[in-house]
Amino acid sequence: MKCTLRVGIFVAAILSALPSFGGARHFTFLYEANTSAPGSLELENWVTWRHATGAGRFDQVDFRHELEYGVTERFQASIYLADWFYETDPEHSGSTYSDTAIELIYNLTNPVVDPLGLSIYGELRAGDRLIELESKLISQKNFGPLILAYNATLESVWEGNDLAEREGEFSQALGASYEISPRISAGIELLHEFVFPEWHDTEKIRNFFVGPNVSYRHRNWFVTITALAQATDTQDEPDFQLRTIFGMGL
Amino acid sequence: MKKVSIFVALACLLVSCKSTNYVPPVTSQMATPRKGQHVDLAMLREGRTLFVHRCIECHTLPVLWRYSTEDWPDIVDNMSHRASLKPAEREAIIAYILAVRFAEH
Chain L
84 MKCTLRVGIF
94 VAAILSALPS
104 FGGARHFTFL
114 YEANTSAPGS
124 LELENWVTWR
134 HATGAGRFDQ
144 VDFRHELEYG
154 VTERFQASIY
164 LADWFYETDP
174 EHSGSTYSDT
184 AIELIYNLTN
194 PVVDPLGLSI
204 YGELRAGDRL
214 IELESKLISQ
224 KNFGPLILAY
234 NATLESVWEG
244 NDLAEREGEF
254 SQALGASYEI
264 SPRISAGIEL
274 LHEFVFPEWH
284 DTEKIRNFFV
294 GPNVSYRHRN
304 WFVTITALAQ
314 ATDTQDEPDF
324 QLRTIFGMGL
Chain D
286 MKKVSIFVAL
296 ACLLVSCKST
306 NYVPPVTSQM
316 ATPRKGQHVD
326 LAMLREGRTL
336 FVHRCIECHT
346 LPVLWRYSTE
356 DWPDIVDNMS
366 HRASLKPAER
376 EAIIAYILAV
386 RFAEH
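Taken in order, these protein sequences are the chains called L and D. Each residue of the first sequence is one higher than the last, beginning at 84 in the numbering used here. Each residue of the second sequence is one higher than the last, beginning at 286 in the numbering used here.
Quick caveat, the hints were computed from the structure, so don't treat them as lab data. For every residue, glycine included, the Cβ atom is placed at its ideal position computed from N, Cα and C. Worth double-checking, as some hints may not be accurate.
Said to hold, decoys possible - Computed Cβ-Cβ distance ranges for the label pairs, DEER-style:
(1) D:Arg-351 / L:Asp-197: 17 to 27 Å
(2) D:Leu-326 / L:Asp-142: 56 to 66 Å
(3) L:Val-297 / D:Lys-371: 43 to 53 Å
(4) D:Ser-313 / L:Ile-162: 38 to 48 Å
(5) L:Phe-329 / D:Ser-313: 21 to 31 Å
(6) L:Val-154 / D:Thr-317: 34 to 44 Å
(7) L:Val-154 / D:Ala-388: 48 to 58 Å
(8) L:Ile-271 / D:Ser-313: 39 to 49 Å
(9) D:Ser-313 / L:Asp-197: 19 to 29 Å
(10) L:Arg-212 / D:Asp-356: 23 to 33 Å
(11) D:Pro-372 / L:Arg-266: 24 to 34 Å
(12) D:Pro-372 / L:Glu-248: 51 to 61 Å
(13) D:Pro-372 / L:Gly-251: 26 to 36 Å
Hey, can you work out the whole structure from these sequences and the hints?
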């Protein structure tokens, strides 16, 4: 008990000594090129509701709890403490742990003073019969109160028994966010996915989502919400998804 | 026709946003002593770098003439904790902003 108390006090002392906020997000399906300030620590909670109708109808709510730490002026590291989801469909419902992950972002150029802000992103996920690698090129340009961002992402997934099932995905996302006031931004996000089951493109699976976003920030917290509707007609993919990210400095 | 109108509107928006220089580069004129205070160029350059890196973590950069020279120190002070600014870094940002403001006059 004493040991637990000591550990608790030690962790609380470290957290209180940290200089706070990692930054606010203007998008939820895109990353921005700037990284967190060195020494800052932030907790982000992601909630994504996916809804599909028709024969394969389902509702799924994904949760992510992420700690984000600014290592240097240009480098940040994050841990996804837990990714889990609750799903309900005509046959069953329940919650399932999915994976835990680490994410690293290195900033190359600044979106304000350089012609284009660029960052590179790497992520490794591991879960129950799941390994996933993700790399991303993040680009961004700020035009005064307007932020334009583009992400190109390549994902490889190995899952199932002996990790025998493989899937690849390339996706690109484009977003615009206009700062109405220092606290409020609103904009649009577009997501275009190319899915390659077993790394083949025989099924020609293409998904396109589009929808608005809004972001509010105050003191050391922010909340950003995006609602995306599917513009294609892919079965097994959600017709609608709503993502909320709530972040707070620790 | 509708597509062209949207394109023209977007182009106008981009041009209007971009035509303002939100972070003017540091010049030797900005380091001119004023009110008995000496500001060195290295400090101003550091302030500009921090301004474009730290402040955009939460919001886009405002045009520097939006707030008065009297207001800027308090504005930066209020956000310095969130931006994880050390006292010297906060002073460098304030010095840069005020130097730009004075150089404009």
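Worksheet item: Which numbered hints are broken by the structure, listed smallest first?
Response: 3, 5, 7, 10 and 13
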